[in-house]
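Please model the entire structure based on the sequences and the hints provided.
Take the sequence shown: its position 63, counting from 1, is numbered 63 in our numbering, and each next residue is one higher.
I should point out that these hints are in silico values taken from the structure, not numbers from a laboratory.
Honestly, I wouldn't trust all of these hints.
[Said to hold, decoys possible] With a straight-line cut-off of 27 Å between C-alpha atoms, the simulated BS3-like cross-links for lysine-lysine are: (1) Lys-254 to Lys-237; (2) Lys-243 to Lys-60; (3) Lys-237 to Lys-48; (4) Lys-92 to Lys-137; (5) Lys-254 to Lys-244; (6) Lys-254 to Lys-55; (7) Lys-92 to Lys-48; (8) Lys-55 to Lys-237; (9) Lys-60 to Lys-244; (10) Lys-60 to Lys-126; (11) Lys-60 to Lys-237.
Note that the coordinates shown come from a computational prediction; the quantities given were computed from them, not determined experimentally.
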Amino acid sequence: MKGMRWINLAAGAALFAGTLSVVAQPPAPGSGITGIANIALRASDVDKEVAFLGKLGFEKAFTTTQGPNALEVFVKINDRQFIEVYSRTDPKQPLGWMHVCFEAGDANALEKFYTSAGLSPTPVRKADTGNLIFTVKDPSGNIIAFTQYVPDSRYTLDSGQHLGAGRISNAITGFVLPVRELGVMTDFYSGLGFETEQSGNAVHLATPGAPYMRVELSRAAAASQPQILFPVPDARKAADQLKKLGVNATLQGKIVFVRDEDQNSFVLLETGSKQ
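In structure tokens form, the structure reads like this:
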């Protein structure tokens, strides 16, 4: 019996090792997540949202339509980052944050890794705008997108254009995302390849391919909302600039808090250096 038990354990170990062997290696930093490509918001009024973003100095680059009533406007932050503004086609659709889309150095390699890890990503496809894209659902059922820029995409063809001279910031540095189950979501993002660091009721995420990206998961409270983070060289000057344009900007130390009509939160963080 002891000999038979040893054989069964050995067989189980061999099977386990075989299971591990089919998991692909994580892509190299330059082929994995390399930054934030875009953040998508659903607006009660697309024109008003685009006008609000225009007061921040961000210009509309192009638009697409999805179905008979859906409109998507791409507002440019820089040549590799956009805010996508979606129309509301059903009054039951929630307003505000829809999803984040991370830039991937190699979408196919990243999708292969996630598939081998059991995350069930959608197949890589070419989007209407020309980039390669795939998505993964988090434990709450929300979408996270991944895109790879390609030479003939509408994003790439717009390079050097629609870069407003009066931009309040020239980058999305990251975001803060409130979540109900902090532990579950931390494990999920770890599976996406992020390094995680607990800090009180928040978890900081980092990835070697985007060392300057700032992403935080926070434990959701009753009124907590996602925050989109932008760097600015001088918070007071940024607040004064926005107030002159009629934007409701609140200065607290070296941070400026701004909200649009749909109560989306834009947070400007003072860096103390030129962008």
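**Request:** Check each numbered hint from earlier against the structure, then list the numbers of those it violates in ascending order.
**Result:** Violated: none.
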